[in-house]
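Asker: Chain by chain, the residues:
Number of protein chains: 2
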Amino acid sequence: MSKNESMYKISKFAAPEFIFGIDSIDYVKRYIKNFSLTHPMVVTDSGLLSASWAKNIFKQLEGIDIRYSIYDKVSENPKDYEVEEISKVIINCNCDSIIAIGGGSVIDAAKAGGIMCANPGSIRDYEGIDKIVHPMPPIICVPTTCGSSADVSQFAIITNTDERYKMAIVSKSLLPDISIIDPKTLTTLPKELLIATSLDALTHAFESYVSLGSSPITDMFALKAIRLIFETLPKVAKDPKNINYLEDLMLASLMAGMAFSNASLGMVHAIAHSMGGYKDIRHGTCNAILLDSVIDFNYVYAAYRYDKISESLGYVLEDLNEIDRKKILIESIMNLKNKIGFNITLKDLQIKESEIDIIAKHAVNDPCMLTNPVMPTFEEVKEFIARNI
Amino acid sequence: MSKNESMYKISKFAAPEFIFGIDSIDYVKRYIKNFSLTHPMVVTDSGLLSASWAKNIFKQLEGIDIRYSIYDKVSENPKDYEVEEISKVIINCNCDSIIAIGGGSVIDAAKAGGIMCANPGSIRDYEGIDKIVHPMPPIICVPTTCGSSADVSQFAIITNTDERYKMAIVSKSLLPDISIIDPKTLTTLPKELLIATSLDALTHAFESYVSLGSSPITDMFALKAIRLIFETLPKVAKDPKNINYLEDLMLASLMAGMAFSNASLGMVHAIAHSMGGYKDIRHGTCNAILLDSVIDFNYVYAAYRYDKISESLGYVLEDLNEIDRKKILIESIMNLKNKIGFNITLKDLQIKESEIDIIAKHAVNDPCMLTNPVMPTFEEVKEFIARNI
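Residue numbers (UniProt numbering), protein chains in the order written: chain U, 1 to 389; chain D, 1 to 389.
Rather than coming from a laboratory, the hints here were simulated on the basis of the structure.
Note that identical chains are pooled: a pair holds if it fits in a single copy or bridges any two copies.
Taking lysine-lysine pairs in the DSS-like style, the calculated list, with each CA pair at most 27 angstroms apart, reads:
id, residue 1, residue 2
1, Lys12, Lys33
2, Lys235, Lys308
3, Lys12, Lys172
4, Lys191, Lys79
5, Lys172, Lys29
6, Lys337, Lys235
Using the sequences plus the hints, can you model the full thing?
Answerer: If you want it as structure tokens, here you go:
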């Protein structure tokens, strides 16, 4: 046997079964039958309840004589008390399963609620990695945004309302039984949300590619997602109802989800969870704001990987020094944001000097920080935030 | 909403959890514990029984005081009666789970044996697509070749000994619970088998890429696998113990498996199952022999897709007509075979004129033919075989 060292670290991969494609939403009834489910709890938000996609699912359930209950009180950044409420409602209504239809907030709340049907204590007890013991009831996810990938991920992000930060709960038990991914659902998403969720997906792909938990399989998904978002998002910004662009955006989001669910994430997410929880800010927006400044911070620790991203975007780096290489990548993201009209910066979030400590504290403790190319100190994170607000 | 038609067909994707990497074989004991298993049946073949990999697993089981039974009588092309035997042995030994360690034959036999523990009748009743009703006992797969991908696929190929053909059994129920993929196992595989199984993986990638069941996700896996095999296999032929080459070959095989398990296959496999069953020929060898002549037959029905493969291998096709494009791809495969010293042809299998009818009959009825770019008639398959023997 040769004495070469192994090229790849040991890596794990898990993904739920999924269906992808226009009109795949019509398969919900088929899976209700396949899984022999009798009484699902449909978890959604009040906006979606009146939209055609939820109605489509109700109609399918009625068509096969399936009784269902509805929980529609999920808020934009789902809270710990909502999770407890969902869990109680599922149990009280004698539901045997869950259908989550919505964006990342709805799906995360539904998954966490499902977990609390089967596990004791409070959702706060399950923060971190691999804390969940018992599986949730069967859950079918129907995502209606192109960013969170909660429908294919081992993550649920829930706001701890006492301490005001978003807890990352990471466990294989959070993989849904089936995800039904219909790009048609994006046709009713406001352009602003299309852009914010796509930038969330872009961040997933970037962070998983440079993650310490990356593998050749997650790399493949991440690079493909990055290329597809850079190519498609400017087109979507101009023509947000074009179904072909939306198909590619949904596909990129799915690929980014497969990458980060298995490679985990990094400093952008660690700070976004902390900051977003403290200020109740939309997750995709937080991520998009932080992405380029975190690259600036991380670059020296993962230059080779960041350069690979630039190269896969078509940049030729051969004759450039590290400073210029970094600049090219950061500028490519800023150009993309300009093209699509995303111009919010950290300054717009009005973070006060006095809030930096608590935001930095939760960020350093976030499980996503563990796979960042470098583990920053509390002081470094404070400086990072102070420099950018 | 725009009136554009959708770009992608509705596609399904399912994969087992897997671990990939050098020394990942040591995780077997962890999964025995995670799944709370108490008495696995280790399914393998007599050659592997004495090899270090099976011994490694026995040692792990003994280290955690787990009792196990052994079935080591799987033959190279597993037979229907072996499957029935495995099933009986599992039940009689009161095993609650299966560990399959070996190549595709061992893993297919173990999976099919598991299915027969939980389903009535004979394994022959489950030939075709989605016939299995009840799940098998928990199964952990440890592949020791870089071709079959039985450890990540929804397929099991079992020889019908009465009618002398290989039945394709295709069902989500055939996905293992966990696959532990350790490239180190390839260090003990004879070079001839390394080459035959790699060519099997190459065929999986080719057939899934042009399959009518392909999707953007399976395409990504297939193209990456093809590039990796073309790049790595000639190196392996020269230096078959180099662990870095073996890592890439195992990775390519895994990727090809993810592709074909979800996109299905085509005419190469349909004929290989029929011919290989009739003459008891190794599957990888059959595939490798047939790959270029099936491209010759299929090309006009999937020229665009075959050209994409050529382009991803670096060929510039712009100024070429269809005949030359086809020629380039076929020659690239023949060159690869030459480089690695694979020079068996269909003529070497000594198929008699009188055997063509029965081989063509089973090939036309094979489930893999359903996703070939074109559905050939019985007469066309007969002519195809006659022309090549």
